Every structure is written in C-alpha cells, then in structure tokens.
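Enquirer: In order, the protein sequences belong to chains A and B.
If you read the first sequence in my numbering, its first letter stands for residue 0, the second for the next number, and so on.
If you read the second sequence in my numbering, its first letter stands for residue 42, the second for the next number, and so on.
Everything labelled a hint here was simulated from the structure, so no lab data went into it.
All values reported here derive from a predicted model rather than from experimental measurement.
Don't take every hint at face value.
Simulated restraints, written as ranges between beta carbons of each label pair [said to hold, decoys possible]:
#1 B:Ala60 to A:Lys270: 43 to 49 Å
#2 A:Leu275 to B:Lys234: 32 to 38 Å
#3 A:Gly184 to B:Arg120: 30 to 36 Å
#4 B:Thr293 to A:Lys270: 32 to 38 Å
Which chain B residues face chain A? A few, computed with CB under 7 Å, are given here [said to hold, decoys possible]:
#5 Arg43
#6 Gly267
#7 Tyr272
#8 Leu276
#9 Gly277
#10 Lys280
Every residue, glycine too, gets a C-beta built ideally from N, C-alpha and C.
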Amino acid sequence: MVRHAVLQLAPEKGQVRKNLARLEAALAELAEDAPEVVVLPEAFPTGYFLQGGVRELALTVEALGERLDAIRRRVWEGPLDLVIGFYEKDEREGAYYNAAAYFELGGRGLLHLHRKVFLPTYGVFDEERYLARGHAVRAFDTRFGRAAILICEDFWHSITSTLAALDGAEVIYVPSASPARGFFGPRPANVERWRELAKSVAAEHGLYVVLASLVGSEAGKGMSGGSLVASPEGRILAEAPVFEEAALVFDLDLDRIPPVRYDNPMLADLKSGLPLLLNDLKRVVEAL
Amino acid sequence: MRKIYGVPGGEVLALDYPAVADYLSGFLRRELAWRGYEKALVAVSGGVDSATTLALAVRALGPENVHALALPHAESDPRSLADARLVAEAFGVELEVIEITAMVEGYAKLRPDLTPHRKGNVKARARMIVLFDLSVAYHALPLGTGNKTERLFGYFTWHGDDAPPVNPLGDLYKTQVWGLAEELGVPEAVRKKPPTADLIPGQTDEDDLGIAYARADVILEHYLKGYPDRYIEALGYQKEEIRRVKELVNRTHYKRHLPTVAVVSTTAIHEFYLRPLDFRIELE
C-alpha cells in the first residue's frame with residue numbers, strides 16, 4: 000500500500016510565495032496521515048490562467064525543487080514524493096512549458112519532468128499562444144513502482160495513457176485545471192467527463208489514475224475540482240467535492256494490478272495487437 | 042482543510058442482492074425456456090441454499106410452477122424436515138415428502154461394510170435418483186442448489202447433489218448466498234442455523250471443512266484471482282487456513298469436470314469437437 004494525498008487547493012493568482020506557504024501549511028496538516036506521495040493540481044504555484052504573465056511567473060524546475068525541499072525540511076520528517084503542476088521556464092531554450100514534476104524530496108530529487116503535449120487553444124483556453132509543447136510521454140520509476148504524468152488535455156487523448164501504460168506505468172498522475180462548464184446535471188459536464196475518462200483509462204489498462212484538479216475562481220471561471228482516484232477495475236476509490244478545497248487521502252495497492260490485469264488482459268492484448276496496426280498508424284499520421 | 046479519506050481498493054464479495062435476485066430469476070426463466078420447460082423441481086433440505094433456490098424459482102416461475110421435494114432418511118435430523126416445511130410454506134409451495142430410507146437401507150443391507158461416509162454418498166445419490174425420476178413424471182427441470190464455496194471445496198457428492206442441469210447459485214460463495222437469502226425473505230431460522238449436509242448425524246460443514254465460510258470465501262476469492270499467499274496473509278488470514286483452502290480446491294478439480302475420456306481421434310468430444318451446450322444448427 001502506498002499512502003497518497005491529493006491536495007485540491009485554490010491558489011491565489013500569481014502569488015507564488017503565498018501559494019507555496021499554503022502548501023507548507025497543508026503538508027503540516029497532512030503529517031498525521033503520513034502520505035508517501037502528495038499530488039498537486041496543474042499550475043498550482045501560480046494559478047492557471049496567466050496569459051502573458053507566464054513569462055514573469057514561470058519557475059525553473061531546479062528552483063521549484065529547491066523551494067519544495069526547503070518546505071519539506073521545515074514540516075516533514077523523512078522523504079516525501081511530490082507531484083506538482085507548474086509553469087516551467089527553460090532558460091537555456093528560452094521556452095516556457097506547462098509542466099509537472101515528480102520530486103523525491105529528501106531523496107533523489109527530480110525523478111521526472113513531463114511537459115504538456117496537448118495545449119488546449121480553443122474556447123476559453125489559449126495555451127499555445129504562450130507556451131511550447133512537450134514532445135514526450137514516458138513512464139518512470141519511483142521508489143514505489145512505475146508511474147507517468149499527463150497534464151489535463153493530455154489525458155483527454157486516449158493515446159497518451161496508452162503510451163504510458165505500454166511504457167509500464169502502474170499509476171498515471173494527472174494534474175489538471177478544468178473550468179466548470181455545462182450545468183445540466185448534479186455535476187458540471189466537464190467533471191462528468193473527467194470521471195468517465197478516469198474510470199475508462201484505469202480499466203482499459205489496469206492501472207491507477209490519480210487526478211488532482213485545481214479549485215478556485217479565476218476571473219469568473221470556476222475551477223471545478225472533483226479530484227479522484229480510479230482503481231485498475233475502473234472504480235472510483237476516492238473523490239473530492241467540486242469547487243471546494245480538500246485533501247483526498249487514500250492508499251494505492253499496487254499488488255492488485257497483476258490479478259486485475261490477468262482477469263482483463265487488455266494491455267497484454269494491446270501489446271500483441273498494436274504491431275499489427277502500426278502500418279496503418281504510420282499511414283494516417285503521414286497523411287496528416 | 043477538509044479531509045476526505047478514500048476506501049482502499051480490494052476484492053468485493055458483497056453484491057447488490059436485489060439486482061442479483063432479479064438476474065438469477067431471469068436466468069432460471071431463460072434456461073428453462075430454451076430447454077422446453079415451464080416448471081422446476083427443487084429438493085428442499087431445510088438449509089439455506091435450497092431455500093434460496095426455491096425462492097428464486099418461485100420468483101421466476103410462480104409457486105404453481107415449482108415442485109418442492111423433501112427427501113428425508115430415517116437418520117436425518119428431524120429439524121431438517123421441519124425447516125423444509127417452513128421454507129415451502131414461506132414461499133407458498135406444497136412440499137412433497139418422499140422417504141429415501143427404504144432405497145438406502147435396501148443397498149445398505151447388501152453391504153454390511155458401509156461406512157457413515159459412504160452411506161452419506163448413497164443418500165445423496167438416492168435423492169438424485171428421485172429428483173431425476175420425478176423430473177420426467179412432472180416435466181419439471183431439477184435445479185441444483187450447490188454454492189460456489191462447496192463446489193470449489195469439492196464438498197458435495199459427485200453425481201449426487203451436483204447433478205441437476207441448471208444451478209442458479211453455483212457462482213455465489215456461501216456468504217453471498219446468505220446475503221441473497223435475506224433479500225429473498227428466506228426465514229431467519231434457516232439463514233442463521235449452522236450449515237450442514239445432514240448426511241452423517243451431527244456433522245456441520247464448518248467442522249468438516251475445518252474453516253469458517255466467512256474466512257474461506259475471502260481466501261478463495263483472492264486465491265482464485267491469483268493473489269499470492271503473502272497478500273492474503275496481510276489481510277489477516279493464517280498460513281494454515283490458506284493452505285487448507287488451497288488443499289481442498291486442488292484435490293477436487295476432477296469433481297468439477299466431466300469424466301476423463303481417452304482421446305484417440307481428431308473428433309474427440311470436448312477436445313476436438315467443441316460446441317457450447319446451447320448450440321443448435323437449423324436442420325433442413
């Protein structure tokens with residue numbers, strides 16, 4: 000069992016110091032629950048909608064890691080794994096990314112940096128105007144197992160989670176920021192969509208999906224929350240409310256993955272079947 | 042900060058019993074229909090499995106289409122027949138009582154060496170003979186009543202109580218049958234009494250098996266799904282009881298199969314020539 004906590008928090012726009020202080024206070028509150036992995040939403044240090052302000056507020060992954068480790072030293076005993084979405088500045092490239100990092104704080108430090116591949120630039124979103132795209136989806140080893148990170152729209156394309164699963168991921172962490180829209184039922188339509196996606200991806204590949212979804216109001220856009228964890232059979236094991244700050248504490252039992260996959264061997268079938276489709280995949284990609 | 046605690050994932054044995062009751066009633070209707078039957082025959086022992094089967098049959102077919110039989114032997118616990126009457130009454134079905142003593146004792150006289158265990162098997166097979174004979178007489182399909190736990194443990198008489206062609210409970214663990222029984226209104230006295238085959242005076246299932254159903258079912262579910270022993274131990278189960286469960290399952294695989302046939306051709310039934318049991322082609 001790997002104890003996790005998702006911190007569904009509402010950052011103040013652009014207040015990096017304040018938001019990291021909020022994180023510190025939240026971690027202090029979580030200490031009694033002793034999570035080994037804490038997961039934060041997309042763009043947590045700054046808030047999501049920054050427009051050109053990305054240039055002023057983005058952090059290098061090294062600087063973020065140092066600040067997070069300083070927080071850990073103040074409020075935590077022992078190592079702490081932390082997944083956090085943030086706007087990343089690559090000073091050498093002069094490029095900015097919507098990124099998420101997996102840090103093993105108090106241990107090996109940065110284990111993985113994922114740069115969002117699918118930048119929504121439609122409707123209320125305008126990411127590609129300000130940000131560069133990532134070009135990779137990779138799984139990586141943590142001290143507990145193998146994981147991957149996908150950010151928000153990345154996860155809305157089933158091919159990304161498929162890649163992560165084929166690359167061995169047992170857990171997919173999904174930091175997101177999803178403005179509420181579509182009030183037709185008890186939950187906003189986007190939250191319903193997230194629930195369905197998380198359940199289907201988890202069940203298709205027999206892995207855990209951990210969604211950390213931002214809350215807070217950003218200039219009239221209500222970030223919807225509804226963070227959740229879906230089990231390898233596609234059941235929701237824990238779910239945070241919409242719109243409110245909350246900490247979601249839960250255990251992931253990675254030992255359940257092999258028996259669940261044995262019962263429903265979609266991933267093994269995919270490994271056999273995908274090479275058969277590779278020519279067509281190339282054909283349709285080359286025709287784009 | 043509001044904290045919400047998740048429930049760890051795990052194998053779930055509890056079922057949605059109203060949904061299961063509906064599903065199994067439909068199962069009985071469909072399985073009888075394509076076989077050309079409108080009526081069912083249930084041997085009611087006074088135990089929870091046959092009571093639950095009777096309840097499902099009544100729900101599926103109506104009490105007028107269900108024959109309930111009690112098949113006591115002189116050595117049977119009289120409380121078994123009393124409970125069988127209670128069950129039949131609860132579900133509005135007339136109970137036909139046919140003593141199997143003469144059948145069993147007729148054979149017993151021929152074999153003075155008959156042990157209580159062997160005699161128990163003879164009783165179960167005598168009941169099977171009556172059930173199948175009356176199936177023809179009433180044009181009613183015999184229903185099996187064995188649950189998944191006893192089937193996995195081989196805790197039944199081969200070609201005896203496992204013989205009926207349709208069994209609604211065969212994929213429900215004993216603890217799940219208890220849940221379904223409550224949903225269907227099986228009398229509490231029947232649900233709460235210690236399960237017994239009542240083939241040998243004084244026996245109970247849990248004494249015979251050496252493990253309580255509530256523990257066995259959880260171990261079975263994990264074992265069948267491929268969880269390693271260390272995982273099951275971490276759930277709070279002892280090495281010895283896990284070993285006992287595995288032992289019972291592994292020495293009885295043959296009881297869950299048709300007889301072994303020597304394969305000599307390329308049309309060996311169930312080896313080369315494979316058809317599902319509901320397969321029928323349209324003949325010219």
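Enquirer: Are the hints correct? Go through all of them and say.
Expert: Evaluation of the provided hints:
1. Roughly 35 Å separates the CB atoms of Ala60 of chain B and Lys270 of chain A, a value that falls outside the hinted 43 to 49 Å.
2. In this structure the hint that Leu275 of chain A and Lys234 of chain B lie 32 to 38 Å apart at CB is violated, the actual value being about 58 Å.
3. At roughly 54 Å, the beta carbons of Gly184 of chain A and Arg120 of chain B sit outside the given window of 30 to 36 Å.
4. In this structure, Thr293 of chain B and Lys270 of chain A meet the distance hint of 32 to 38 Å, their C-beta atoms being roughly 35 Å apart.
5. For Arg43 of chain B, the suggested interface contact is upheld, since its CB lies about 5 Å from the closest CB of chain A, less than 7 Å.
6. A distance limit of 7 Å between C-beta atoms decides the matter here; for Gly267 of chain B the minimum to chain A is near 4 Å, and the interface restraint holds.
7. For Tyr272 of chain B, the shortest C-beta to C-beta distance to chain A is roughly 6 Å, which falls under 7 Å, so the interface hint holds.
8. Residue-level restraint check for Leu276 of chain B is violated (minimum Cβ-Cβ distance to chain A is 11 Å; threshold 7 Å).
9. Of the supplied interface hints, the one on Gly277 of chain B is violated, with its beta-carbon coming no nearer than about 14 Å to a beta-carbon of chain A, more than 7 Å.
10. Hint status for Lys280 of chain B: violated, given a least beta-carbon distance of 18 Å to chain A, over 7 Å.
Violated hints, listed in ascending order, are 1, 2, 3, 8, 9 and 10; each of the other numbered hints is respected by the structure.
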